[in-house]
Amino acid sequence: MGAEREERRWAVGPEAAGRRLGDFLRSATAEAWSARAIKRAIERGAASVNGRAETFASRRLAPGDRVSLDVSILGDVKAPTRRLVFEAARLLHEDDALVAYDKPPGHPSAPTDGGGLCVYDVVRRRFQRDRGEGIYMVHRLDRDTSGVLLFLKTKALAPDFRRLFAEGGVRKVYRAIALGEIPWGSRTVDAPIGHLTGGGPERWGVVERGGRRALTRFERVRVLGGATDLRALPETGRTHQIRVHLASLGYPILGDVVYAGGRRGPVSVARHMLHAASIAFEHPATKAPVRIDAPLPEDFTAALAALEARDAVKR
Numbered sequence: 069m070g071a072e073r074e075e076r077r078w079a080v081g082p083e084a085a086g087r088r089l090g091d092f093l094r095s096a097t098a099e100a101w102s103a104r105a106i107k108r109a110i111e112r113g114a115a116s117v118n119g120r121a122e123t124f125a126s127r128r129l130a131p132g133d134r135v136s137l138d139v140s141i142l143g144d145v146k147a148p149t150r151r152l153v154f155e156a157a158r159l160l161h162e163d164d165a166l167v168a169y170d171k172p173p174g175h176p177s178a179p180t181d182g183g184g185l186c187v188y189d190v191v192r193r194r195f196q197r198d199r200g201e202g203i204y205m206v207h208r209l210d211r212d213t214s215g216v217l218l219f220l221k222t223k224a225l226a227p228d229f230r231r232l233f234a235e236g237g238v239r240k241v242y243r244a245i246a247l248g249e250i251p252w253g254s255r256t257v258d259a260p261i262g263h264l265t266g267g268g269p270e271r272w273g274v275v276e277r278g279g280r281r282a283l284t285r286f287e288r289v290r291v292l293g294g295a296t297d298l299r300a301l302p303e304t305g306r307t308h309q310i311r312v313h314l315a316s317l318g319y320p321i322l323g324d325v326v327y328a329g330g331r332r333g334p335v336s337v338a339r340h341m342l343h344a345a346s347i348a349f350e351h352p353a354t355k356a357p358v359r360i361d362a363p364l365p366e367d368f369t370a371a372l373a374a375l376e377a378r379d380a381v382k383r
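Quick note: the sequence shown uses my numbering, first residue 69, plus one each step.
Hints in this document: simulated from the structure, not taken from any laboratory. In this text, all values refer to a predicted model and were calculated from it rather than measured experimentally. One or more hints might be untrue.
[Said to hold, decoys possible] Straight-line C-alpha distance at most 20 Å; calculated SDA-like pairs for lysine to any residue: (1) LYS223 with GLU162; (2) LYS223 with THR256; (3) LYS240 with ARG128; (4) LYS223 with VAL238; (5) LYS223 with GLY202; (6) LYS223 with ASP379; (7) LYS223 with ILE203; (8) LYS223 with ASP163; (9) LYS107 with PRO82; (10) LYS107 with ARG128; (11) LYS221 with GLU201; (12) LYS107 with ALA84; (13) LYS355 with GLY236; (14) LYS107 with ARG134; (15) LYS223 with VAL206; (16) LYS221 with GLU162; (17) LYS221 with ARG192; (18) LYS221 with VAL241.
Let the sequences and hints guide you as you build the complete structure.
Shown next, in the form of structure tokens:
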């Protein structure tokens, strides 16, 4: 069950005029939480200004603003992300042409402008050091999405994989936990996705004009504790596609700080509950069918268990 809310309130005085929300809350709280912990709590909908949820730590405050913070959520976000290293147990598949790795959440798939290690770095370094083999990106997963991530050992196969992805020859299955109890058993969303103006560089949405076609099939697994466990089968590969399509239906992913609109879930989680569970395709070199599965990570199964416990109490 989620932690009980512990809301604290402040009034912004003249001395704090122009301060960023994150800086203000860090100095206003006595627990010495890190700036990163405060920022993540804000992004997860823990803060409000003048009664409205505020998910941007950079929000400038004015004298008289009323600020509140639910500090119970900080118990989930104050722990640092686990250090990224290559883990042999996460190697899901390897042959002469391909490598599949079980991406941990909380780390980018590929290099970012902010620097720091990414999953591509640790996989590439291990294979170059131990085998003298190159490693090349095939596709990406969002930072907080876990699961199957493919890499190539040779650039020569890159055009074949681009064709497979473009023609729908790669079949992907995701598991997700959505906020709310979904009444339908299955549904297909065919809605174009485009960048939302003013929403930041990583915010996308269903748009009427200028978007690219996006198609996702959803299958309900079970309803439990005010949330829904489901499978998502994307037939296109747009940025944030599953997250955007679920949010457009009114059932954003549990823990999604970008698309949940500040909604709190029935249980506390430290990232969005989306996992790339399997990927299947015809091997571009051998032409043999390939299917690769990644087990549900511990935080995902823990969230399901907490929802089950909540369901049992309700009964």
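Quick rundown of the hints versus the structure:
| no. | hint | in the structure |
| --- | --- | --- |
| 1 | LYS223 with GLU162 | holds, 16 Å |
| 2 | LYS223 with THR256 | violated, 35 Å |
| 3 | LYS240 with ARG128 | violated, 42 Å |
| 4 | LYS223 with VAL238 | holds, 18 Å |
| 5 | LYS223 with GLY202 | holds, 9 Å |
| 6 | LYS223 with ASP379 | violated, 49 Å |
| 7 | LYS223 with ILE203 | holds, 8 Å |
| 8 | LYS223 with ASP163 | holds, 15 Å |
| 9 | LYS107 with PRO82 | violated, 23 Å |
| 10 | LYS107 with ARG128 | holds, 14 Å |
| 11 | LYS221 with GLU201 | holds, 7 Å |
| 12 | LYS107 with ALA84 | holds, 18 Å |
| 13 | LYS355 with GLY236 | holds, 16 Å |
| 14 | LYS107 with ARG134 | holds, 18 Å |
| 15 | LYS223 with VAL206 | holds, 10 Å |
| 16 | LYS221 with GLU162 | holds, 10 Å |
| 17 | LYS221 with ARG192 | holds, 9 Å |
| 18 | LYS221 with VAL241 | violated, 24 Å |
Of the numbered hints given earlier, the model fails hints 2, 3, 6, 9, 18; all others are met.
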